[in-house]
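*Asks:* Here the protein sequences line up with chains B and V, keeping their order.
For the first sequence, our numbering gives the first residue as 1, with consecutive numbering after it.
For the second sequence, our numbering gives the first residue as 1, with consecutive numbering after it.
Keep in mind the hints are simulated off the structure, nothing from the lab.
Mixed in with the good hints, there may be bad ones.
No copy labels: a pair is met if it fits in one copy or bridges any two.
Said to hold, decoys possible - Taking lysine to aspartate or glutamate pairs in the EDC-like style, the calculated list, with each CA pair at most 20 angstroms apart, reads:
id	residue 1	residue 2
1	K225	D423
2	K52	D151
3	K370	E244
4	K131	E301
5	K456	D186
Protein chains: 2
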Amino acid sequence: MTGVAEPSVLASVPETGDLGTALESLSGRFHNQMSTAAAVREQHGHTTTWHKNQPPDAVVFAQSTEDVIAVVKTCAECRVPVIPFGTGTSLEGQVNAPFGGISLDVSQMNRVLEVHQEDLDCVVQPGVTRKQLNNELRATGLFFPIDPGADASIGGMVGTRASGTNAVRYGTMKDNVLSLQAVMADGSLVHTGTRARKSSAGYDLTRLLVGSEGTLGVVTEITLKLHGIPEAISGGVCPFHTLEDACNAVIATIQSGIPVARIELLDELQVRASNAYSKLTLRETPTLFLEFHGSEGGVREQSEMFGAIAEDFGGGPFEWTHDPEERNRLWQARHDAYFADMQLRPGTEGLATDVCVPISRLAECILATKADIESLGLVAPIVGHVGDGNFHVSVLVDMEDQAEVARVESFMHDLVERAIAMDGTCTGEHGVGHGKMKYLDAELGGAVDVMRSVKKALDPLNILNPGKIVRV
Amino acid sequence: MTGVAEPSVLASVPETGDLGTALESLSGRFHNQMSTAAAVREQHGHTTTWHKNQPPDAVVFAQSTEDVIAVVKTCAECRVPVIPFGTGTSLEGQVNAPFGGISLDVSQMNRVLEVHQEDLDCVVQPGVTRKQLNNELRATGLFFPIDPGADASIGGMVGTRASGTNAVRYGTMKDNVLSLQAVMADGSLVHTGTRARKSSAGYDLTRLLVGSEGTLGVVTEITLKLHGIPEAISGGVCPFHTLEDACNAVIATIQSGIPVARIELLDELQVRASNAYSKLTLRETPTLFLEFHGSEGGVREQSEMFGAIAEDFGGGPFEWTHDPEERNRLWQARHDAYFADMQLRPGTEGLATDVCVPISRLAECILATKADIESLGLVAPIVGHVGDGNFHVSVLVDMEDQAEVARVESFMHDLVERAIAMDGTCTGEHGVGHGKMKYLDAELGGAVDVMRSVKKALDPLNILNPGKIVRV
């Protein structure tokens, strides 16, 4: 894959460390838990992203918190970068190793350590994936709602402050992590909180680490909130004549206080792609996918209220069902949107990006983006967690065509600038990685200096995932 | 009022600054917006607390963000402490000035700057109180749910990460602040975020400042999430034979996923106090106050489901009503609990403290606390936001009786240690101030060092509310 260079991050090269000593010391401890094979390093050098592969010098497969401590301590002693790695599904180059160093793969730390059914919480290792967790929880009547689409690791989801389709009702990782155990840059192990449901005891280090993409500490245990599986779930699809109508129906739904669990927009191109890939027969027009959680009576009431709102905006018919198989088929199609998109233009790379704006600006933002896509002649379906004002564009790019790559970069740039101008953010849920570092100043100004002070204070040697989020 | 000294904080005296120059410079700018009168200084030297009054050297009444910047810059130049002050309803000595300095009273910064009805958010100055905000929102159909009882300022509620009766459904301040504008220790003004409903753009400085009690920055604008006023509200009371039965009914209610808006426990002594003070006629036995928000059908369903659970634990009858007057009378009584308690033993001081434990340990924790109260011969009603595992004890103390004060201190200490031993926290919502600093190490261990690093990085001169949360 031809990648797009990010020369801006090269300004933050850490001081050269003693890589040789680090590798020797680590291989003495880790033996076959460590690899320097090119294929393994490359597999850890980038993820589901168009960013250039930047492999680490070695990969260590940690099996315990002690392993993580050992790696971080060695890297601190030798001033060598250490980059946490989960399942490799991040989108902004979060796991790339622009300065080499050690990829710390935690995928083998994949045990659910405790489930406290009475307290609706659990403690997991960072390599547990969200599907694995929900499988292991099945007998308890509880579930973990955050669903970014990919079967990401919980550790990675902590790192990027992930959210997804359920966030409109259940919040994001920031809302669903009770506390963390993490290894800090000096190798010390800290617990950021307790299992209390709320606390006013000191600075919120849990939220400071959530979304820090491995730049402030390496998470080794996560205490998560769980939720009861709803008594009833209903779901369905609702077509609209225009994107604007669909967006306005979403705004009215949120304002009316209907506790919708999922409300996802697919533009007509995405519907076409999903029809083809997932064998659906939807009308190819802007469409909302919805899900309601509650009691039998509650989900019926919510569904009917939404149906009436949709009608007000010329949408419908809203067809909904309690049938789990039909619902799952729909949401599987939603989750497979990325793969469906790839079929629209085989042989291209999919550039997935996201922004988030106040919901009152959503229609305007999506329509302007759509106009850009058309005027630039791009193939780029739009899907969105629109209840939060968050939407994604998957641009299908021929990476061999430099002119097209340049057009896409310019499109991406304008998309982010537009979102920021609307009092929105350059990323609702993908994170900054190195791909979106350049937008933080425009979005947050002087707050980036505060972030830099925090980074310097907690990682003075700049060994934790250097070259991500902030330049130091 | 005779106070209890906190000698431990004296270890962190900041380097002596140039107070004279600071006072001169500030009075040159602020004229009659500044006071050095003893009465004003004392009024700002402590709050609703048993902690000793520690007055500042002067009080500045800020009227704008520029005023706040000017005060912080002057204090930074002269190395003089600056202590933000809202309404003075904090409980752990958050506004005390153990090292003197300037109390920065923001109560005149009390404008609601923007209401974005479509986006369910608003921007307010820190001196706006929660009741004022809800009055100003009345015409919009929206409300701000966080309700700590006192008519606290929003700025103060940010500072202590406040919550209260509605938190079980609507979360705490951490969940309801979208972003902040704050003046940092060097006088720079930062915006921690945008109005986007969610973001993955960099470190979560919003949550870092929420709960930092003015020790990391002075908040000058707050963007808050709002919620639609529910279509229907029902509420009622439910008596139980024992505290254990009441707690177990709460656990079952939360586990069953009933989206209860408020679920408050009053022990029999609190019911007696409230009967007398608020002219209620409740049976004097452990009692739950409840409220449900939703559609007409929804609140009926929730109320009936709760009634059935209560019956399973020998409780009831659960009497509930849609009538707003009856409901308000009940919740007014709940809010007046503190004043009702004072009547139980006139002439004493009320020591209000709180802890929070995982809900599975709630009954055990409350029962052990109750046993302590009895064996020590204290008068100390218990009320609690029990849906979160959070409860309060109001100990009525004769501050002239040194032996009693010592007993109460020992009781308080044991209460916190018990909560921490149950994987809970020393404070669910009151904050640390200087009253609970001594417990952070026991609760969070090495994480306190991380907090200290953050504090040093963001306030290197230790001028922002020194002597609170962490020693530096």
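*Asks:* When the hints from earlier in the document are held up against this structure, which numbers fail?
*Replies:* Hints 2 and 4 contradicted; others consistent.
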